[in-house]
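Engineer: What follows is each chain in one-letter form.
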Amino acid sequence: MQSSCAVSTVRVAPSAGYTAPLTGREMMLENPYRPWPARITSITEMTAAEKLFEMRIIDERIREAFHHSPGQFVEVSLFGIGEAPFSISSSPSKQGFIELCVRRAGAFTEALHGMQCGDIVGLRGPFGRGFPFEDMRKHDVLLVAGGLGIAPLRALINNIHDERSDFGKVTIIYGAKTPAELMFRDQFEMWRHRNDFDLYLTVDVPDETWSGEVGLVTQPFERLEIDARNTFGAICGPPVMYSFVIEAMRKKHISYDHIYVSFERHMKCGMGKCGHCQIGHQYVCIDGPVFNYWEAKNIQGSM
Amino acid sequence: MLYRVIEAAEIPLLVRAFMESYEVVAPVKRGRTHTFDVVEDPARIDLDYETTVISPKKYFLPSKETLLTFDVAGNEVTDYTAEVTPRVVFGAHACDINAINRLDLVFKEGPYADPYYVARRNATLIVGISCMPNENCFCHLWDSDEARFGYDLFLQNIGDKYLVSISSVEAANILEASCNPQVATDEDRIAFRKATRRRQESFNRDIPDIQEVAMLMDAFHKDPFWEELGERCLGCTACSAACPTCYCFDIYDVLDPGGKTGRRERAWDSCTAPQFALVAGGHNFRGSRRGRVRHRMYHKLNGFLANHDHMLCVGCGRCVVSCKARINPIEVLGFFKEKGAHDAE
Chain A
0 MQSSCAVSTV
10 RVAPSAGYTA
20 PLTGREMMLE
30 NPYRPWPARI
40 TSITEMTAAE
50 KLFEMRIIDE
60 RIREAFHHSP
70 GQFVEVSLFG
80 IGEAPFSISS
90 SPSKQGFIEL
100 CVRRAGAFTE
110 ALHGMQCGDI
120 VGLRGPFGRG
130 FPFEDMRKHD
140 VLLVAGGLGI
150 APLRALINNI
160 HDERSDFGKV
170 TIIYGAKTPA
180 ELMFRDQFEM
190 WRHRNDFDLY
200 LTVDVPDETW
210 SGEVGLVTQP
220 FERLEIDARN
230 TFGAICGPPV
240 MYSFVIEAMR
250 KKHISYDHIY
260 VSFERHMKCG
270 MGKCGHCQIG
280 HQYVCIDGPV
290 FNYWEAKNIQ
300 GSM
Chain B
0 MLYRVIEAAE
10 IPLLVRAFME
20 SYEVVAPVKR
30 GRTHTFDVVE
40 DPARIDLDYE
50 TTVISPKKYF
60 LPSKETLLTF
70 DVAGNEVTDY
80 TAEVTPRVVF
90 GAHACDINAI
100 NRLDLVFKEG
110 PYADPYYVAR
120 RNATLIVGIS
130 CMPNENCFCH
140 LWDSDEARFG
150 YDLFLQNIGD
160 KYLVSISSVE
170 AANILEASCN
180 PQVATDEDRI
190 AFRKATRRRQ
200 ESFNRDIPDI
210 QEVAMLMDAF
220 HKDPFWEELG
230 ERCLGCTACS
240 AACPTCYCFD
250 IYDVLDPGGK
260 TGRRERAWDS
270 CTAPQFALVA
280 GGHNFRGSRR
290 GRVRHRMYHK
300 LNGFLANHDH
310 MLCVGCGRCV
320 VSCKARINPI
330 EVLGFFKEKG
340 AHDAE
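Chains A and B are the protein sequences, given in the same order.
For reference, each letter of the first sequence is one residue, going 0 to 302 in numbering that gives the first Met the number 0.
For reference, each letter of the second sequence is one residue, going 0 to 344 in numbering that gives the first Met the number 0.
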């Protein structure tokens, strides 16, 4: 008997014990678990523990179809070791290449740090909901980054930079434990020089080279003049940082739904299924990783 | 929907007809309980079963499966095709069919369809069977005691006959070719009404009916009750394995012994496993048993509902048996019942 329950492009005429292989272009296009080969085109050492990897998807058709928004992430594969999510650090306006800032923090990142230019990794994505870049246009933007939290925010900063005339006052507060742990310093010095951004750099523990601020990222808030009704806040950093920074932004009367935070979780599938990144009723991988504070407040267990 | 009536004696004919084109899996007796297993002889099937340890979800989301194979040196994927066996799940209860309908919301109808799941779902026919509740069943509380869709045939026992709901063309063809389906008579309809009423009246009335449970999950999110419940959890994850709606999984790579090739697998995982929400660098976002147990219950009784308008619990009662620490939705309902009584005083 011919069955009409055909699987994908394969006609299934089943008999006992018969197995139908799932093949064909349809499946290739549809399989979202399949990583695509990408070549490492540049590696920049940022700090003792962090490197910036520039990657290029090899297949032209896939590469040209790849579009991301700031705040989104990709899944990187090193076959035999596994797969891990990384937020994209480059602006969408930089086409054809993807930059990932990777901290050495475990077996996977250790292996990635050992790779050379020209090596191949697997890549799939982009996944998730990023920052509301289009809504942010014509507004002032206050960005607060702590530690590695600069990685996703840098995509947003660079994207704003590329379309700078479309934005109002843009303020960046970036804190790290020590001066040696500050990343993207060349870029920040350049921006400060051009007066595109008001940049506040702060460290917890200064050394003899440090002439900037010392203390929490909320410290510069006292001096900020914020037009609350016209400002978007964007925050990314270690979990402990969020409540302090949100409180500081709320004190400046920035609306609940104009304060955006990016959450870190272990997104394994990236597609709202495997459950590892779940908080309350939300999946960080599809509902986030960027949430506004109102949404975050309504997620049980988010902060 | 189309209804017809067949004799109970025709069931083996129907099963045999399915066997000509499909692998048939059905409840068979194993030890003191039942399990879904491949059957080659219709006589092995026991349709009068209470429940199975594992639900038919294993035929759509296997406990372990290969997503792709790879070559290590080139860091490239070598194959990512799935093998799908055309299959009939014969004798699924309404709760388990409703559970598969829940899985569909995530794996078939979500923003990213899961090709492995969808292939299996499309290649599988489901024949449902009516049942009577045991003391752990509470499907009626979540409106899961009837399957309204998601099956190909549903057999409602009406004495020595079955009233068959026919939902798909494939199943209709096989039913007509193998049996002698009759138009339902008034007598059949009365028998159907009696049978469903008998089921509805047979639920364990000691299980509290708290319809506002979702709201209460939010309202009592910080209650010490969760500490007490969490303290008991052994982290064994049997609850998730037994649960027909639990679908979380882990993804990991397995190297072949030579170390040059390997495969990427996924396997059932559970949010009650201690390392489930661990991230690189060592931070665990749900590092306490309280947090993990509460999260699981919250997703079942509130979170999934918020996104999909259905509970992620069908009241099948499997976790009541599988959890050796007595952590299950009935306990949660009991807490809310006590709490409500206490606060009302």
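Read the hints as simulated data drawn from the structure, not as lab findings.
Computed from a prediction, not measured in an experiment: that's the story for all the values here.
Even for Gly, the Cβ is constructed at its ideal location relative to N, Cα and C.
Mixed in with the good hints, there may be bad ones.
[To be verified] Sample of chain B residues facing chain A (criterion: CB under 10 angstroms; computed from the structure):
{"no.": "1", "residue": "P114"}
{"no.": "2", "residue": "R204"}
{"no.": "3", "residue": "A279"}
{"no.": "4", "residue": "H298"}
Engineer: Next step is simple, just say for each hint if it's right about the structure.
Structural biologist: Hint check:
Among the interface hints, the one on P114 of chain B holds; its C-beta lies about 5 angstroms from the nearest C-beta in chain A, closer than the 10 angstroms criterion. The interface hint given for R204 of chain B is violated, since its Cβ lies 31 angstroms from the closest Cβ of chain A, which is over the 10 angstroms cut-off. Hint status for A279 of chain B: holds, given a least beta-carbon distance of 4 angstroms to chain A, under 10 angstroms. For the restraint placing H298 of chain B at the interface with chain A, the shortest Cβ-Cβ distance is roughly 7 angstroms, inside the 10 angstroms limit, so the hint holds.
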